[in-house]
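Spelled out, the chains give:
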Amino acid sequence: MELTLWTYEGPPHVGAMRIAASMEGIHYLLHAPQGDTYADLLFTMIERRGQRPPVTYTTFQARDLGGDTAELVKGHISEAVERFNPDALLVGESCTAELIQDQPGSLASGMGLNVPVISLELPAYSKKENWGAAETFYQLIRGLLQEKANDHSGHNPTAWKEQGRKPTVNLLGPSLLGFRCRDDILEIRKLLNENGIDVNVVAPLGATIADLKRIPKSDLNICLYPEVAESVCSWLERNFGMPFSKTVPIGVGATEDFIKEVRELLEMPQQKNESTDKSKLTWYSQSVDSNYLTGKRVFIFGDGTHAIAAARIAQKELGFEVVGLGTYSREMARPTRAAAEKLGLKALISNDYLEVESAIAEAAPELVLGTQMERHIAKRLGIPCAVISTPMHVQDVPARYSPQMGWEGANVIFDTWVHPLMMGLEEHLIGMFRHDFEFTDGHQSHLGHLGGQAHQEVVQPEKQSQDIDDLHDAEQSLPIWTSEGKEALAKIPFFVRGKVRRNTEKYARQAGCRNIDSETLYDAKAHFKA
Amino acid sequence: MSPNVTNLNKDQKINMSGTTLLKESGPREVFCGLTSIVWLHRRMPDAFFLVVGSRTCAHLIQSAAGVMIFAEPRFGTAILEEKDLAGLADAHEELNRVVKDLLNRRPEIRTLFLVGSCPSEVIKLDLSRVAQQLTHAYKGRVQVLNYSGSGIETTFTQGEDGALSALVPLMPEENSNNQEQLLIVGTLANAVEDRLKTLFQRLGISNVASLPPRKSSELPSIGPKTKVLLAQPYLSNTARLLKDKGAEIVEAPFPLGVEGSELWMRAAGKAFNINESLLNKVLDPLIARGVKALEPYKEKLSGKKVFLLPESQLEIPLARFLHRECGMQLIEVGTPYLNREMMECELKLLPENTRVVEGQHVEKQLDRVKEENPDLVVCGMGLANPLEAENISTKWSIELVFSPIHGIDQASDLAELFARPLQRNELLDNKISSIN
Ligand code: SF4
Numbered sequence: 061m062e063l064t065l066w067t068y069e070g071p072p073h074v075g076a077m078r079i080a081a082s083m084e085g086i087h088y089l090l091h092a093p094q095g096d097t098y099a100d101l102l103f104t105m106i107e108r109r110g111q112r113p114p115v116t117y118t119t120f121q122a123r124d125l126g127g128d129t130a131e132l133v134k135g136h137i138s139e140a141v142e143r144f145n146p147d148a149l150l151v152g153e154s155c156t157a158e159l160i161q162d163q164p165g166s167l168a169s170g171m172g173l174n175v176p177v178i179s180l181e182l183p184a185y186s187k188k189e190n191w192g193a194a195e196t197f198y199q200l201i202r203g204l205l206q207e208k209a210n211d212h213s214g215h216n217p218t219a220w221k222e223q224g225r226k227p228t229v230n231l232l233g234p235s236l237l238g239f240r241c242r243d244d245i246l247e248i249r250k251l252l253n254e255n256g257i258d259v260n261v262v263a264p265l266g267a268t269i270a271d272l273k274r275i276p277k278s279d280l281n282i283c284l285y286p287e288v289a290e291s292v293c294s295w296l297e298r299n300f301g302m303p304f305s306k307t308v309p310i311g312v313g314a315t316e317d318f319i320k321e322v323r324e325l326l327e328m329p330q331q332k333n334e335s336t337d338k339s340k341l342t343w344y345s346q347s348v349d350s351n352y353l354t355g356k357r358v359f360i361f362g363d364g365t366h367a368i369a370a371a372r373i374a375q376k377e378l379g380f381e382v383v384g385l386g387t388y389s390r391e392m393a394r395p396t397r398a399a400a401e402k403l404g405l406k407a408l409i410s411n412d413y414l415e416v417e418s419a420i421a422e423a424a425p426e427l428v429l430g431t432q433m434e435r436h437i438a439k440r441l442g443i444p445c446a447v448i449s450t451p452m453h454v455q456d457v458p459a460r461y462s463p464q465m466g467w468e469g470a471n472v473i474f475d476t477w478v479h480p481l482m483m484g485l486e487e488h489l490i491g492m493f494r495h496d497f498e499f500t501d502g503h504q505s506h507l508g509h510l511g512g513q514a515h516q517e518v519v520q521p522e523k524q525s526q527d528i529d530d531l532h533d534a535e536q537s538l539p540i541w542t543s544e545g546k547e548a549l550a551k552i553p554f555f556v557r558g559k560v561r562r563n564t565e566k567y568a569r570q571a572g573c574r575n576i577d578s579e580t581l582y583d584a585k586a587h588f589k590a
Numbered sequence: 516m517s518p519n520v521t522n523l524n525k526d527q528k529i530n531m532s533g534t535t536l537l538k539e540s541g542p543r544e545v546f547c548g549l550t551s552i553v554w555l556h557r558r559m560p561d562a563f564f565l566v567v568g569s570r571t572c573a574h575l576i577q578s579a580a581g582v583m584i585f586a587e588p589r590f591g592t593a594i595l596e597e598k599d600l601a602g603l604a605d606a607h608e609e610l611n612r613v614v615k616d617l618l619n620r621r622p623e624i625r626t627l628f629l630v631g632s633c634p635s636e637v638i639k640l641d642l643s644r645v646a647q648q649l650t651h652a653y654k655g656r657v658q659v660l661n662y663s664g665s666g667i668e669t670t671f672t673q674g675e676d677g678a679l680s681a682l683v684p685l686m687p688e689e690n691s692n693n694q695e696q697l698l699i700v701g702t703l704a705n706a707v708e709d710r711l712k713t714l715f716q717r718l719g720i721s722n723v724a725s726l727p728p729r730k731s732s733e734l735p736s737i738g739p740k741t742k743v744l745l746a747q748p749y750l751s752n753t754a755r756l757l758k759d760k761g762a763e764i765v766e767a768p769f770p771l772g773v774e775g776s777e778l779w780m781r782a783a784g785k786a787f788n789i790n791e792s793l794l795n796k797v798l799d800p801l802i803a804r805g806v807k808a809l810e811p812y813k814e815k816l817s818g819k820k821v822f823l824l825p826e827s828q829l830e831i832p833l834a835r836f837l838h839r840e841c842g843m844q845l846i847e848v849g850t851p852y853l854n855r856e857m858m859e860c861e862l863k864l865l866p867e868n869t870r871v872v873e874g875q876h877v878e879k880q881l882d883r884v885k886e887e888n889p890d891l892v893v894c895g896m897g898l899a900n901p902l903e904a905e906n907i908s909t910k911w912s913i914e915l916v917f918s919p920i921h922g923i924d925q926a927s928d929l930a931e932l933f934a935r936p937l938q939r940n941e942l943l944d945n946k947i948s949s950i951n
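Protein sequence lines correspond, in order, to chains X and F.
Numbering-wise, our numbering puts 163 at position 103 of the first sequence, and it's gapless, one number per residue.
Numbering-wise, our numbering puts 940 at position 425 of the second sequence, and it's gapless, one number per residue.
If you're looking for bench data, these hints aren't it; they were derived computationally from the structure.
In this text, all values refer to a predicted model and were calculated from it rather than measured experimentally.
All residues carry an ideal CB built from backbone N, CA and C; glycine is no exception.
Some hints could be false.
Ranges between beta-carbon positions, derived for each pair [unchecked claim]:
| id | chain 1 | residue 1 | chain 2 | residue 2 | range |
| --- | --- | --- | --- | --- | --- |
| 1 | F | GLY818 | X | LEU125 | 43 to 49 Å |
| 2 | F | ARG656 | X | ARG390 | 46 to 52 Å |
| 3 | X | GLY127 | F | GLU867 | 45 to 51 Å |
| 4 | F | LYS758 | X | GLY127 | 46 to 52 Å |
| 5 | F | LYS758 | X | LYS546 | 56 to 62 Å |
In silico BS3-like links for lysine-lysine, alpha-carbon gap of 25 Å or less [unchecked claim]:
| id | chain 1 | residue 1 | chain 2 | residue 2 |
| --- | --- | --- | --- | --- |
| 6 | X | LYS134 | F | LYS879 |
| 7 | X | LYS226 | X | LYS306 |
| 8 | F | LYS820 | F | LYS879 |
| 9 | F | LYS538 | X | LYS134 |
| 10 | X | LYS226 | X | LYS134 |
| 11 | F | LYS815 | F | LYS946 |
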């Protein structure tokens, strides 16, 4: 049993819903109680979808449990098939139905329906949402393509040469409730087109059953989101001999590597490096006013793919110092650990929100790159933050074109990461000038205020910021700040204040000081610079 | 207008008090009772709600709450894992461990609600036993209670009924020192509660208590000197338990709208033998002001067609308000569950032949929505945008349980909630033709 206050991922059947809702012509029969219908709002509210997800919930009740729940399931199946007339039917169960073992998948298969049935077994008590999405995508592809596996065993990724046509690839992994998938696809399609490569199938987002059947016809698979597509890509490699690319093109360097990898797999000649012309990130980062970004301490947490990509960009392309790297995704623990090790860090692999919060507080970063959870953590700690990964909120699904991948993705990343830091600087200036008469309390940036969500107006935050006294309650045996020391600390710009406070306290403890005044603060500063 | 109700179950069609009561079954689209934790935990800041359930349950509450701004919220989920399902004895022990960790971490908790879910009900986890043991272990420090918010037994607001029912046995019995008291039952916004208390005081009813109280550890007394006035329509079990304790349940419509609130207050006045002239003196100016404040909204809403999908059990009183005070035409009034006895006063106030549907077949109901093309649909969050995408204005029912809408003074605010989507619809020049 695990105590959870906030969860990064939903249950695995929500992953299955993401696949079903991403595609056209699929229906998902979910054996589940009525409350589980909440999952619809993830799509209609967060993604602002104007269609309900294609899901029929059996909504069984306690009084049904004494009777024949199998008949109830069958009734819902035939009604759903008749009403929605899907090209394929996914059948599965949520946590509660798993316990009563009606086996809706085999029930559906035994009904002689005139539609392919894919039965999903997604263990709700050990697995989570992203796993559920990957497994569903895999079962779907396997269910549809298994029989054809033998015909295609002699796959040749360079067949395009002999056939005198452009090479073609599939983009696998983009889904609803993924991070910026809609825009990433456009960007990658453009990038590939520039390289003379055609996109054959994009799946699951926007794909039909017929599209999925066309997957083996392409020369190469692009594993765009490993969380969702890696198992499918490996299966296609094993059974169809289709190779797949593994580089996720987020950031300038990774986009270059991606092009190289794809061209290599397709045996296309390599091209001259031209990325500095393609993305403004490189120049913006080099330009003189980016000097203030040097060594900014950044804490990164998210799904594995986005967190690892962010670490590379932060360190190699923006000149930040990565002070923390982690993921909530156990499936991505290994590569995340490796990436952290390279940075001299120990990766934080956890889905315990409180653990993440204390790791951030401990690292005292100047910028947090995370999910919507970390946004709230950062807000409470008064640290600027940009969202780089799911789970996300409605504000992370922007109306404008804002990919993360490719050249334009790098531009978007530059803007979204640097902007909160600039706001931080403005805040500092306001702090410096706050005694001037032009500055009244009303003049503040968005930092320190709550966002404009409807419910946020209703719910009051419990702790918006922590002052020194609060922290003393939490950690005992800390040296005590004199009022003169507190005043000196208050004059330090807020975005480094946390770090200074921690360093000073650490120093005071080492030096055996009981009281911290402004002298201790300067001593500590000198000590840590030395 | 001839509503097509052919797909409703005619066998179960009953005429009562002029309304047409129908039942429907099929796939439903409603929250489960866990959802009420979202407002209950705010009402009683010294209580903690620990759901014993699955990741689905944790995800539901988090998604229904919409945002996440508490560092450590006063609710959480003890997520069952594979090993808990293997052996029940272990699950009880595990729960003990989780609770102990939690209580050590959060010493400010006075009342801990163990909230049952579908999985905990199906594997027959005995939460009441665990609650008893823990109460004993934390004697004097924390009271541990249990109720079920599971989706196989409860919808949405019924969770509050469960939580309040769990509190009733702890309410102290009245003794000879106690005076007559009025007990308002059902969560109200604090400001609304204060206002209503002031008004009751003007009527000469000075001894007014609330369930749930603002502090879970300060429960009002209960017994024959208590007269219960229900502020929310979904508390049938709580009402029954209070009656068993000797309290009198005052029958009245619910305090939504000027009329409902007036009748509600008058019923209390009558129960306390307050004379008619004092009642009139206090209420008449409020009513006049309330009716006046309603006018601009009535203008917008009058003649418009409204369709209420079942979710909060507030649907019937809301329909009564929207029709009688705002002039709206009622197409269909859905309710997840209908307690005829509790709703009798309300049903009587609905116009002849109002189609009241208990239960749901969400697909067929949405077919009827499209057929009738209403001006406004009251529905859950999952359905709102898909209807908006068909250019049908909507109002989220969850907003109605979060907003201060009770009482005469709030009637115009309540009307405004329904008028806003319509007004917005008029303001916007462009409408979408197709999306996604
Ligand atoms: S319906 Fe049951 S399983 Fe689903 S969230 Fe509610 S209590 Fe949990």
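To see whether the hints hold, each was checked on the structure:
At about 46 Å, the beta-carbon gap between GLY818(F) and LEU125(X) stays in the expected band of 43 to 49 Å. For the pair ARG656(F) and ARG390(X), the beta carbons lie near 37 Å from each other, so the given range of 46 to 52 Å is not met. Judged by the Cβ atoms, the range 45 to 51 Å given for GLY127(X) and GLU867(F) is violated: they are separated by roughly 37 Å. Checking the proposed 46 to 52 Å range against LYS758(F) and GLY127(X) shows it is violated: the Cβ atoms sit about 32 Å from each other.
A beta carbon spacing of about 58 Å between LYS758(F) and LYS546(X) agrees with the range 56 to 62 Å that was offered as a hint. Of the pairs offered as hints, the one joining LYS134(X) and LYS879(F) holds, with about 18 Å between alpha carbons and a cut-off of 25 Å not exceeded. At most 25 Å may separate the alpha-carbon atoms for a hinted pair to count; LYS226(X) and LYS306(X) meet this at roughly 21 Å. Restraint check for LYS820(F) and LYS879(F): the C-alpha separation of about 19 Å stays at or below 25 Å, so the hint holds.
A threshold of 25 Å between alpha carbons decides the hint, and for LYS538(F) with LYS134(X) the separation of about 22 Å falls inside it, so the pair holds. Under the criterion of a C-alpha separation no larger than 25 Å, the hint pairing LYS226(X) with LYS134(X) is inconsistent with the structure, at around 48 Å. Using a Cα cut-off of 25 Å, the hinted pair LYS815(F) and LYS946(F) holds, with the two alpha carbons roughly 20 Å apart.
In summary, the structure is inconsistent with hints 2, 3, 4 and 10 from the numbered list given earlier, while agreeing with the others.
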